[in-house]
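Q: First to last, the protein sequences are chains A and B. Residue numbering for the first sequence follows this note's numbering, beginning at 758 and increasing consecutively. Residue numbering for the second sequence follows this note's numbering, beginning at 758 and increasing consecutively.
Just so you know, these hints were derived from the structure itself, not from any lab. A few of these clues could be false.
Since the list gives no way to pick one copy over another, a pair counts as held whenever it fits inside one copy or between any two copies.
No more than 30 Å apart at the CA atoms, straight line, and that leaves these computed lysine-lysine pairs for DSBU-like [to be verified]: (1) Lys-782 to Lys-870; (2) Lys-782 to Lys-1100; (3) Lys-881 to Lys-1040; (4) Lys-1097 to Lys-1074; (5) Lys-908 to Lys-863; (6) Lys-1097 to Lys-1076; (7) Lys-904 to Lys-886; (8) Lys-813 to Lys-1162; (9) Lys-1016 to Lys-823; (10) Lys-881 to Lys-1016; (11) Lys-812 to Lys-1133; (12) Lys-1093 to Lys-1078; (13) Lys-1170 to Lys-781; (14) Lys-893 to Lys-1104.
Given the structure is predicted, the values throughout are model-derived calculations rather than measurements.
Letter by letter, the chains look like this.
2 protein chains.
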Amino acid sequence: MKKATSKDREKPIPGDFVEISLMKKTYHGTLLESPGESSILLLKLKSGYNIGIIKKDIREIKILEKFTEKKEEKIEIKSKDKPKIGVVMTGGTISSELDSKTGAVKWLTSPEKLFRFYPELFEKVGISKIEVPFMKGSEYINYKDWKKLAKIVFKLLKNPEIKGIIITHGTDTLHYTSSALSFFLRHLNKPVVLTYSQRSTDRASSDASLNLECAAVAALSDIAEVILVGHATTNDDFCYALPGTKVRKLHSSRRDAFKPVNAKPIAKITRDTLIPLTRYKTKGKENPKIDDKFEEKVALIKVYPGQNPDILDSYLKKKYKGIVLELFGLGHVPGKEWIKKLKEIRKKGIVVCAAAQTIFGRLDPLVYSAGRDLEKSGIIFLEDMLAETALVKLGWVLGHKEWAKNYEKIHEKMLENVAGELLGRLEE
Amino acid sequence: MKKATSKDREKPIPGDFVEISLMKKTYHGTLLESPGESSILLLKLKSGYNIGIIKKDIREIKILEKFTEKKEEKIEIKSKDKPKIGVVMTGGTISSELDSKTGAVKWLTSPEKLFRFYPELFEKVGISKIEVPFMKGSEYINYKDWKKLAKIVFKLLKNPEIKGIIITHGTDTLHYTSSALSFFLRHLNKPVVLTYSQRSTDRASSDASLNLECAAVAALSDIAEVILVGHATTNDDFCYALPGTKVRKLHSSRRDAFKPVNAKPIAKITRDTLIPLTRYKTKGKENPKIDDKFEEKVALIKVYPGQNPDILDSYLKKKYKGIVLELFGLGHVPGKEWIKKLKEIRKKGIVVCAAAQTIFGRLDPLVYSAGRDLEKSGIIFLEDMLAETALVKLGWVLGHKEWAKNYEKIHEKMLENVAGELLGRLEE
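Take the sequences, apply the hints, and build the full model.
A: Right under this line is the structure:
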């Protein structure tokens, strides 16, 4: 950046570092391109957060530093003698850099860019391959993307040069994707490590570097499971490896947003060590297998007090095949009329499963009579399975036509511990 | 109970304490009446949990103690010189005793029964009045019950003899009720304390006694808010007073199931002391007011990956007036097509609000461009308000016809901190 001259000062443009004075407050930050005809001016603060300022409240804007374009340097990456990993980039904050002009994200997809942002990663491992099946914020990821991702990971599983796989991913639906990969990829022979960042790389508080370095440690370990690696606490000191089917985003912005649910972390990971905390799967005798069948007509419904069960008819009409209900407490519906309606849609072929709205803990329909009635109506109570995991698993189970044609088989599969999603995580 | 004789041994009946032998396991517990034509035998274990045993797996049943009916004694409750409180019983585990014959719950509604189960409560306070607006498991409570409850509490607020009010309530939807009362009852002049138990009174691990005793301490305090009092940890040693609009059931069975969300506990309470931990409201100059208007056509929808937004049309068709969406991350929808659909239903008059699926943390639609587009589509982003609280508040706001006819007013009211539901809990 160059110092602002008096002439520049007249017209602040996106990318400029400015001082904005309102009646009572003054803000410093980088001006972003404002969306459309907006009456709001967007400013990226030093903390990394964007704020919107109502234009008519602004008394003065001073340009402190003018915007200048950065030039990309060509970097030579030396990693010949290091153990090799595969990297799959799918988007999200960790795979993006901020365009300081527009505030929009630009994707980091070349090894050079990755190196420039995360040089520490290349001290530990050699990157055999960077695959980019798609680049998007994870809120837009759906089952088709899970399939694409599984196919690419499967290819890397079979590549003997590669010790482990790191997948960078947005945080919003990361726990759904980790579940999907856990069901789609069977008999793993190496670690499949999903990682993320909650704060963008241009922020001092970014969690990307530590998460990636710990992901590299995990990728070289003997864990043969789909795991999620990220900050264990709000400090930037160590990470946890968390089980792919028993993890949930539990904070919108904290660096330790992901917490294990009804499970313990698999390992504690620092920048150079991995300390196992619980039992995990290691490479077995069978070869890796991909099994990515998926029925897209599955839905998740969280119940609320006084809810009218008639909404279930809409799912019937729209030809849904399966529904996961997030029930109250140990597994209760919001009214007696629900039992009749659930029997009805069950008879018409919709498979209904139940998970806990409390998130933590296990369902137990036998404790109260209401739960016993409900169980008789043909709902499959999924013990301590997370609702998010349950949705993915239901789609996966119903995607198998040979299972889906037989209700007993569906029931059996939903309660079989396929990928550590049930209480006894590794009883398989 | 009397010892079983050899003759009794032949026919075990519900209420008997028995030993059941299977091929490999032996269970001890009280036989419960089995539901209907069931092929399952229900047994209440000493831990208090019920288990179902498949009848054909049973090799032998031994009766260890025969069932005998308990007789109710008449008890004289002395509480003349003690400070008076009002008690409102609404059902739930805390207001029930187990019928050892059927396993069904029987409600405790008389002061005598309450005394027999919770004598400690009567050492601290005199009970001026026990009100019973309804008795039910809280999963069946809806907005009509919230109104009934508010009316009864309001009556007790105006009774000068009463220092505070304890409401016993089931746990499943307790946090929805605490929100409803927080909005329905304005300008409180005394504590309104909701309490509960997660384990029934017949279990050694019951949390009912400590919760009730701590509730009594809270009911005599100067807190003039709707609060929830219950176990702070899994130990039976002290409770927290939690803010009525910032609390959520986060475990299906643990005694410390209720946790504050985006807030701190108001106070730590032992059996005889209350230690304030954060600022709280005390009695003001204005008289208590009841404002229980409520629009029942409000819904909560938790989004999931790849979800088809067409389901929103069903809510339009069913004439819903408001929807709270539980969005991903900082406030994101599962696909770009959602923005169009949301604009569409917004135009047709449905008010759409957003809360965080992550539970903890705050929404911030300005960070990513997807969120900014969404904000322009007319969604009201509810900062760090809990989705459950948001649903109740939306029903309350839309219930006021004078507000509901003006979208700007609705927007303003949803983002006004009415009962500590937003970040600055007590900025009102």
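Q: Determine for every hint whether it applies to the structure shown.
A: Hints, one by one, checked against the model:
1. Lys-782 to Lys-870: For Lys-782 and Lys-870, neither the intra-copy (38 Å) nor the inter-copy (61 Å) Cα distance is at most 30 Å.
2. Lys-782 to Lys-1100: Neither, since 60 Å and 34 Å both go past 30 Å.
3. Lys-881 to Lys-1040: Classified as within: same-chain Cα gap 22 Å, cross-chain 62 Å, threshold 30 Å.
4. Lys-1097 to Lys-1074: both (17 Å within a copy, 23 Å between copies)
5. Lys-908 to Lys-863: within (25 Å within a copy, 56 Å between copies)
6. Lys-1097 to Lys-1076: both (19 Å within a copy, 23 Å between copies)
7. Lys-904 to Lys-886: within (19 Å within a copy, 62 Å between copies)
8. Lys-813 to Lys-1162: Classified as between: cross-chain Cα gap 28 Å, same-chain 63 Å, threshold 30 Å.
9. Lys-1016 to Lys-823: neither (42 Å within a copy, 48 Å between copies)
10. Lys-881 to Lys-1016: For Lys-881 and Lys-1016, the Cα distance is within 30 Å only inside one copy (26 Å; across copies 41 Å).
11. Lys-812 to Lys-1133: between (61 Å within a copy, 16 Å between copies)
12. Lys-1093 to Lys-1078: This pair counts as both: shortest intra-copy Cα distance 23 Å, inter-copy 24 Å.
13. Lys-1170 to Lys-781: between (62 Å within a copy, 25 Å between copies)
14. Lys-893 to Lys-1104: Cα proximity of Lys-893 and Lys-1104: across copies only (29 Å, versus 39 Å in one copy).
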